[in-house]
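There are 2 protein chains.
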Amino acid sequence: MKKIINDPKNVVRDALYGVAAAHPQLRVDHAQRVVLRGDAPRQGKVALVSGGGSGHEPLHAGFVGPGMLDAACAGEVFTSPVPDQILAATKAVDGGAGVLHIVKNYTGDVLNFELAAELAEIEGIEVKAVVVDDDVAVHNSLYTAGRRGVAGTLVVEKIAGASAEAGASLSEVADLATRVNAVTRTMGMALTSCTVPAAGRPTFELADNEIELGIGIHGEPGRSRVPLAPAADLAQMLLDPILEDLDYGGSEAVVIVNGMGGTPQIELYLLYAEVARILAAADIGIVRSLVGSYVTSLEMAGASVTLTKADAELLSLWDAPVDTAALRWGVRG
Amino acid sequence: MKKIINDPKNVVRDALYGVAAAHPQLRVDHAQRVVLRGDAPRQGKVALVSGGGSGHEPLHAGFVGPGMLDAACAGEVFTSPVPDQILAATKAVDGGAGVLHIVKNYTGDVLNFELAAELAEIEGIEVKAVVVDDDVAVHNSLYTAGRRGVAGTLVVEKIAGASAEAGASLSEVADLATRVNAVTRTMGMALTSCTVPAAGRPTFELADNEIELGIGIHGEPGRSRVPLAPAADLAQMLLDPILEDLDYGGSEAVVIVNGMGGTPQIELYLLYAEVARILAAADIGIVRSLVGSYVTSLEMAGASVTLTKADAELLSLWDAPVDTAALRWGVRG
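Here the protein sequences come in this chain order: G and U.
340 is the number that our numbering gives the last residue of the first sequence; the numbers go up by one with no jumps.
340 is the number that our numbering gives the last residue of the second sequence; the numbers go up by one with no jumps.
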């Protein structure tokens with residue numbers, strides 16, 4: 008295992024020191040491992056709390072800031088944050104208008120966020136939750152009942168965050184987040200495994216000419232192992248299950264070509280070119296796009312494609328100002 | 008070789024299709040493989056042209072836009088762009104106030120930019136050049152006479168770009184770029200090799216517990232191969248030669264912890280925490296920082312640290328608005 012770390016047991020703790028040092032506009036609760044907006048709580052604003060296992064950076068801490076999340080809870084690598092963390096984050100950001108939990112659909116995450124929500128309700132904080140399950144690859148997995156939450160989580164967090172910033176109520180923000188999840192689909196693939204620091208060995212093995220299609224962001228199995236193919240064919244393999252699952256025909260979409268952590272930008276642009284070509288032929292207009300590594304699996308080589316069917320309201324909220332470490336537009340200074 | 012590509016011969020061409028599709032505010036000359044500001048040429052503004060071998064993305068195309076570069080020339084992977092490309096870029100962006108070439112110090116790049124400058128001068132375009140050589144690792148290498156240009160190029164491009172945007176003359180921008188280069192130092196390391204697509208095999212081999220200290224961004228040899236060490240020690244190994252080479256003591260610095268392409272963000276933040284700790288102990292204030300993969304070597308795992316000694320003028324230009332694919336702040340919309 009070759010990683011730029013100190014003790015494998017302290018990777019999350021040590022990385023959070025770096026997040027704090029690099030981003031003075033954020034506040035890091037090192038005891039609870041929660042990354043917060045520096046100006047939290049915002050009185051009267053619905054607050055958004057997300058989080059999950061670490062190793063998917065910039066998700067979620069990189070999306071904390073005005074226009075997106077109020078707090079992110081960092082679990083151990085590929086391990087759900089615990090209820091105490093989530094409760095601490097919920098209390099720290101509550102500005103009296105309620106708190107939305109944005110939860111990726113993994114059994115541990117869903118359970119721990121539910122427990123934290125119950126504890127918060129006891130303390131008088133209104134909490135709603137949206138469970139993101141955008142991954143079309145598999146319906147159940149090692150970590151889930153139902154579909155997994157993957158890169159589409161970014162879209163839910165961005166659009167719900169803009170709505171909260173604009174003053175929507177907790178019910179409105181929760182309904183909107185649910186609606187975004189319902190029109191968002193993702194499919195991914197891995198070219199290599201990743202290595203969880205505490206495990207010290209690759210999560211799985213792939214042959215030299217083999218990819219895992221439908222990979223999960225923890226390296227859990229996908230749909231099938233197939234031979235490595237040209238990027239044009241890979242793009243088709245990623246888009247086919249998305250387009251079979253939801254009718255995007257004739258509509259406009261926000262498209263994300265997301266790197267898994269170990270795939271360089273030149274390959275992501277190359278894949279995006281193929282995705283754009285296929286979508287143009289399918290009469291799907293790309294209205295906004297991101298090409299980069301946003302929802303990762305440590306150093307895994309691979310990529311995913313996400314499509315969100317966009318209407319005028321969703322697009323306007325996507326375009327609204329956001330000021331976070333990893334997504335930033337529409338703001339001065 | 009596992010990469011998301013089509014034909015290894017067409018990687019640069021195919022990736023530029025993706026750059027064009029993802030960034031409608033840019034214009035891509037596919038015949039010449041030049042990425043341009045959409046609004047080039049800007050009359051009366053000094054224009055900045057950079058470029059180099061591909062495989063270092065987002066450098067340079069990711070830095071084209073208001074406040075930074077006017078054009079970037081994409082050579083084949085790890086191969087200098089040819090004089091015709093550079094000439095085409097120079098002519099396309101010249102707004103009558105002259106053109107600055109920002110050249111990383113590699114023999115081929117320096118020669119080809121010089122030839123292009125001579126051809127441009129014949130056509131009546133005034134050209135000056137700055138050669139960036141921020142890498143403290145080695146004084147000569149497989150690709151260079153003298154020090155190599157590496158991640159510090161980003162700082163030169165950002166600050167010179169801001170100066171040009173503010174209306175400085177060609178001489179002023181060139182002098183400023185030279186001054187930034189003179190106060191910028193970088194040191195890098197590799198944990199793994201990378202594979203040039205056309206070669207099809209790793210550029211070099213490292214043992215499982217070994218790193219290459221002072222690696223070049225083409226995988227060319229550095230200072231030494233040493234055992235992999237904890238991040239705290241790695242940070243010291245990267246900073247020592249920088250601090251021995253230029254006295255940063257008591258001053259303020261812009262600091263970049265840069266990923267080589269295959270190293271995930273969680274490790275870069277962890278390394279940044281160690282860098283920040285060492286610099287604080289050395290009484291060097293970090294006034295601005297970047298933590299991410301900006302100047303890469305395909306999928307190489309590894310990182311570099313860059314320090315630029317900052318005064319009020321350089322800091323003000325660093326903070327000036329920039330609107331590019333990979334660096335963006337201070338702008339609305």
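Heads up, some of the hints might be wrong.
If several chains are the same, the list does not tell them apart, and a pair holds so long as it fits within one copy or across any two.
Claimed, not checked - Capping the alpha-carbon separation at 20 Å, the derived lysine to aspartate or glutamate pairs in EDC-like fashion look like this: (1) LYS9 <-> GLU212; (2) LYS9 <-> ASP240; (3) LYS9 <-> GLU217; (4) LYS9 <-> GLU128; (5) LYS16 <-> ASP240; (6) LYS135 <-> GLU125; (7) LYS16 <-> GLU251; (8) LYS316 <-> ASP240; (9) LYS316 <-> ASP290; (10) LYS16 <-> GLU125; (11) LYS9 <-> ASP254.
Hints are computed from structural coordinates only; laboratory data are not their basis.
Everything numeric in this text was worked out from a predicted model, so none of it was measured.
Cross-check of the supplied hints:
no.	hint	verdict
1	LYS9 <-> GLU212	both (16 Å within a copy, 14 Å between copies)
2	LYS9 <-> ASP240	between (32 Å within a copy, 14 Å between copies)
3	LYS9 <-> GLU217	between (23 Å within a copy, 9 Å between copies)
4	LYS9 <-> GLU128	neither (44 Å within a copy, 50 Å between copies)
5	LYS16 <-> ASP240	between (40 Å within a copy, 17 Å between copies)
6	LYS135 <-> GLU125	within (10 Å within a copy, 66 Å between copies)
7	LYS16 <-> GLU251	neither (42 Å within a copy, 33 Å between copies)
8	LYS316 <-> ASP240	neither (23 Å within a copy, 48 Å between copies)
9	LYS316 <-> ASP290	within (13 Å within a copy, 51 Å between copies)
10	LYS16 <-> GLU125	neither (30 Å within a copy, 58 Å between copies)
11	LYS9 <-> ASP254	neither (43 Å within a copy, 32 Å between copies)
Of the numbered hints stated above, those contradicted by the structure are hints 4, 7, 8, 10, 11, listed in ascending order.
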